[in-house]
Amino acid sequence: MARFLLRRLVYLVLLVIVSTSVAYLLAATQLHPRSRYEGRNPPPPPEVVDAALDAVNMNDKTPVTVRFGRWVEGLLHADLGLTIENQPVNDEIGRRMWVSLRLLLIGSIAGSLLGVAAGAYGAVKQYRPADHVLTIFSFVTLSIPTVVLAVLFKNAGIGLNNVLGFTGNTKLLYTTGEITPGLAIWSWEGLINRLAHLVLPSLVLTVIAIAFYGRYQRNAMLDVLGSDFLRTAQAKGLRRTRALVTHGLRTALIPMATFFAYEFALLFVGATFTEKIFGWHGMGEYFVDAVTKSDVNSVAGVTLFVAVLVLIAGFLSDVAYAALDPRVRVS
Amino acid sequence: MTVPTDPDPLREAQDTGPLASRSPIPLDAIGTEAASRGRLVVRRFLHKRLAIGGLVAVLLLFACAYASPHLVTWQYNELDTSAFLSSPTIDHWFGTTQNGFDMFALTMRGMQKSLIIGLLGALLSTTLAAVVGAFAGYFGGVLNAVLLTFIDLLLVLPSFLIIAILSPTFRGRTWLIFVLLLAAFQWMITARIVRGLTLSLKEREFVQAARFMGVPGWRIIFRHILPNMSSLLIIDATVNVSSLILAEVGLSFFGFGVQPPDVSLGTLIGDYAGAALTYPWQFYFPAGCLVALVLAINLVGDGLRDAFDPNAGIRIT
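Top to bottom, those sequences are chains A and S.
In terms of this note's numbering, the first sequence is residues 1 to 331.
In terms of this note's numbering, the second sequence is residues 1001 to 1317.
Quick caveat, the hints were computed from the structure, so don't treat them as lab data.
For glycine and all other residues, C-beta sits at the position ideal for the given N, C-alpha and C.
Incorrect hints may have been included.
[Claimed, not checked] For the chain S half of the interface with chain A, some residues (derived, Cβ under 8 Å), not all of them:
#	residue
1	Leu1157
2	Thr1169
3	Gly1172
4	Phe1254
5	Ala1276
6	Thr1278
7	Val1291
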C-alpha cells in the first residue's frame, strides 16, 4: 500500500509541476502587462516602463524562457515573485488563502459527507418519497449555475433579515464581506459576527456539493444493492443496516473516492463565484482581478495554489481508495 | 448489444419474479414481432413522461429563441427611448434595461448564442472523446500511455483558470475560438470511459474477425467499436450540451467568455446580477430561461439514459 501511495504521490507532484508551468507559460505569453502603461496620458518613457516591468519580471522583451527561469528560481526559495503593483505575491496569497480555505473546507467536507449520506439513503429507499425528493433536489440544483444560486441565496438572506426585523446594523445573516469592519477579529463578538457572515456563502457551496455527490453516490449504491455479496452478507445473518453499511456503502464509496479530487477544482471555481457575489476578498477574486490586470505572477501563484489543493485532494482520495479497496493494499 | 429476435425469453423474465411490477417498460411494448433496437429505445423514451416534457420544452425554447425576433417589434439592438428601466409591460414582456433595451429581445438573443455554443461544443467534445478514447484503448502501448497522461494533465489543469488566462487572446475575435476551448476541456472523463469500453470490445469475436481479415485499426474503430457504444456517446453529447451552457455562463459572468457586442445568457446574467434586488426582471428572466433550458436538456439526457439502458430502473432492492 505504501508503494502504491508513494507512486501516486510522485505522479501527482509531477502533474502539479507540469500544470503550473503550463499556466505560467500561457499567462506570460498571452497576458500583456505592458498595456497597463500604454493607456496613460502622457505616455511614460519606454525606459521607465521597461524598468518597471523588469522589476516584477514581466517584461515581454525578455525571452519567456528567461522569465520562466527566474520565476522557477524564486519558487525554489518559496518566493512567488511580485505582483504588478510591486507587492509580494506571497503576502497576498498568505492573507487571502484562509478566506477561501474556510469556504472550501466547509463546502467540501460538509458537502461530501452529507451528499454521500443522502445518496446512499436515497438508493436504499429507491422510488420512495425520500428518494424522489433527493433526486429532484439534485437534478434542479445541478441545473442552476453557481452564480444564480449564489444570488438567490443572497437575496433570500436579505429577505429573511427584513422579515425578521433585522433592518439595523446588526443582522441575522450578513451578505457582504467576511466580517463587519471595525470588529476585533478574535473577540467573542467578532467570531459570532464572522460565523453570521459565513453561513450563506458556505451554504451555497455545500448545497452544490450535496447535489453532486448525492447523485453519484445514489447510482453507485444502486449498482451495489443488487449484488450477490450483499445478499450473502444478509443470508449469513448480518442485520440489514449493518450489511448495507459495511458491505454495501463501503463498496459503493470506491468509485466516489476518485471523484473527490476532480470535484475539488470545480469547487474552487464555485467558490470564485460565491466570493464575487458575497464580496469576499479570497483567492477566486484575486485570480479574476489578476487576469484583468495582466498580473502574470499572481495568476501563476493562484494556479499553483489550486494545483496543490487538487494534489492534496487527489492524494486523500488515493488514501481513501486504498483503505476501501483491499485489492490495492494487498498487491 | 443485440436485441433478441425471439421475444419469449424476455417476456418470461418480465412476467416472473419480483421485477415485473417494477419494470418501467410496459409488457405490451415488447410486442410479439421482432422490434429493432432503435424502435425499442424510442418506445422506452416515449414512455418517460418527464423526458418527453423536457424534449418539448427544449424544442419550444429553441423555436422561441430563433422565431421570436421575427414576431416581436423590439429587436435586441434597438433602444426604446420612451421606456427606461420599465418593468414588464405589454410592449416589453421582460421589461427594459437602463438604456431602454428590450429585455425579452436580449434574452432570446442570448439564448440563441448559448444554444449554439452548447450544441457545437458538445458535438466537438464528444467526437474528441470518442476518437481519443477508442484509439488509446484499441492501439494500447505507447499511444495509450501518452494519451492517458495527456488526459490526466488536462484534468488537473483547472479549465476555468486556463480559459480565463487565454481570454485576452480571443477578445475581439470570433466566439468560435471560445467554443473550441470549452470543448477542449470537456472530453477527458468520457474519453476514459470510451477507452475502458474499447478494451473489452476489442476482445469480442466480431472485432477479432475483422482484424484477422486485415481491416486496418482505424477502420475497425469507426466501423465496429464506436457504433457499438453509440448509446453512451449520444447520452454524453446530450449531457455535454447542458454542462457547456453552464460553463459558458460561468466564464462570461467574469467577462472571460462571450465578448460584447455578442450577447449570451452568461453575459446577461453577469451584467444584471447586481440588479436582482432593485430591478428583478433584468436578472430573473434571463436566469429563469437559462435554468429552464438546462433543466429540460438534463431531463432529456436522463430519459435517453434510461431508454438506452434496459437495466436502468429495474433494480432489486
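_Structure versus earlier hints - violations, ascending order_ = As far as the earlier hints go, 3 and 6 are violated by this structure, in ascending order.
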